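Going by the numbering used here, the residue at position 10 of the sequence shown is 10; the numbering climbs one at a time, nothing skipped.
Treat the hints as calculated values from the structure; they're not laboratory data.
Every value quoted in this text rests on a predicted model; they were computed, and no experiment measured them.
Don't take every hint at face value.
[Stated by the list, open to error] Per label pair, the in silico range of CB-to-CB distance:
id	residue 1	residue 2	range
1	G10	G35	37 to 47 Å
2	W38	L65	18 to 28 Å
3	R41	N8	34 to 44 Å
4	E44	K66	22 to 32 Å
5	C11	L69	42 to 52 Å
Ideal Cβ placement from N, Cα and C applies to all residues, glycine included.
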Amino acid sequence: MSYKQYRNMGCSIIGSGAIESAHRTVIQSRMKLSGQRWSRRGAENMLRLRVLSMNKQWSKVIDFLKMPLRRAA
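Based on the provided sequences and hints, a complete structural model is requested.
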C-alpha cells in the first residue's frame, strides 16, 4: 500500500485499526453472544440492522416498518 500517496490525498486513517475496532464493536459484540446461532441470511440481516443502529439511523427502520404492505397484483 502506498501510504505516502494516500496521505497526500488527505486520508488521515490509513491503517486497519479503525476497521478492526468496528468489527469488534459492531459485529462481534452482537453476533457472538452466548447461545447465538445464525444462518447466513439471518446474520446478514442482523448486521444491517446493527449498522443502522450504530450509525444513529434507526428511524429508517421505523419508517420502513410503517410503510403499507405492497400487495402483488
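Hints versus structure:
| no. | hint | in the structure |
| --- | --- | --- |
| 1 | G10 x G35: 37 to 47 Å | 45 Å, holds |
| 2 | W38 x L65: 18 to 28 Å | 22 Å, holds |
| 3 | R41 x N8: 34 to 44 Å | 42 Å, holds |
| 4 | E44 x K66: 22 to 32 Å | 23 Å, holds |
| 5 | C11 x L69: 42 to 52 Å | 44 Å, holds |
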